[in-house]
Amino acid sequence: IADEPTTALDVTIQKQILDLLVSLQAKYGMGLIMITHNMGVVAETADRVIVQYKGRKMEEADVLSLFESPKSNYTRALLSALPENAVGDRLPTVTDMLFEAAPSGAGA
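Read left to right, the sequence shown gives residues 1 to 108 (the numbering used here).
In case anyone wonders, no lab produced these hints; they're calculated from the structure. One thing to keep in mind: the hints can contain errors.
[Said to hold, decoys possible] Heads up, simulated DMTMM-like pairs for lysine to aspartate or glutamate below, C-alpha to C-alpha not over 25 Å straight-line:
no.	residue 1	residue 2
1	LYS57	GLU68
2	LYS54	ASP19
3	LYS57	GLU4
4	LYS15	ASP62
5	LYS27	GLU44
6	LYS27	ASP47
7	LYS57	GLU44
8	LYS57	ASP3
9	LYS27	ASP3
10	LYS57	ASP10
11	LYS71	GLU84
12	LYS71	GLU60
13	LYS15	ASP47
14	LYS71	GLU44
15	LYS27	ASP62
16	LYS54	GLU4
17	LYS15	GLU84
18	LYS15	GLU4
19	LYS54	GLU68
20	LYS57	ASP47
Taking the hints into account, I'd like the entire structure generated from these sequences.
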C-alpha cells in the first residue's frame, strides 16, 4: 500500500519513485494499492481505479474508462476540476456538480 507516495516531491523524484514502484510490482508479481489525489499519477500508473468521496466508493472502473467516460457525478466533477479540463474562468466545485442529475444509464 502506497499512501500518497509522491506528495511534495519534485517531478524528477516523483518519476523515480513511480518507476521504482512499477518495477517492483513487475519484478515480484505483486499488487499495488496506491492512494493519491494526483490524477496524473492515476493515469500513468493505475490499471483499475476506485474514486472515493468522504470514505464512500463513488465509482470503480478501469483507468481508461474512468477518464474517457466517468459514470458518477462526483468523478465527472473531479475530472472537470483539473486545470487542463477547465472551461471558463472558475474551476467548478464538487458541490456544483455532485447533485446534478446523472446522464441516462450512469451510475451514481
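Results of checking the hints against the structure:
1. LYS57 - GLU68: Given pair LYS57, GLU68 holds - Cα atoms ~19 Å apart, limit 25 Å.
2. LYS54 - ASP19: With a Cα-Cα distance of about 30 Å, the restraint between LYS54 and ASP19 is violated, given a limit of 25 Å.
3. LYS57 - GLU4: holds, 18 Å
4. LYS15 - ASP62: With Cα atoms ~22 Å apart, LYS15 and ASP62 stay inside 25 Å; holds.
5. LYS27 - GLU44: It holds: about 18 Å lies between the C-alpha atoms, which stays within 25 Å.
6. LYS27 - ASP47: Given pair LYS27, ASP47 holds - Cα atoms ~17 Å apart, limit 25 Å.
7. LYS57 - GLU44: Roughly 21 Å between the alpha carbons, so the hint for LYS57 and GLU44 holds.
8. LYS57 - ASP3: Holds, because 17 Å separates the two Cα atoms, which is no more than 25 Å.
9. LYS27 - ASP3: Satisfied, since the Cα-Cα distance of roughly 21 Å is no more than 25 Å.
10. LYS57 - ASP10: violated, 30 Å
11. LYS71 - GLU84: holds, 20 Å
12. LYS71 - GLU60: holds, 9 Å
13. LYS15 - ASP47: Given pair LYS15, ASP47 holds - Cα atoms ~18 Å apart, limit 25 Å.
14. LYS71 - GLU44: holds, 20 Å
15. LYS27 - ASP62: holds, 22 Å
16. LYS54 - GLU4: holds, 17 Å
17. LYS15 - GLU84: The given pair, whose Cα atoms are some 20 Å apart, holds under the 25 Å limit.
18. LYS15 - GLU4: holds, 13 Å
19. LYS54 - GLU68: At roughly 24 Å apart (the allowed maximum being 25 Å), GLU68 and LYS54 satisfy the hint.
20. LYS57 - ASP47: Holds, at about 17 Å.
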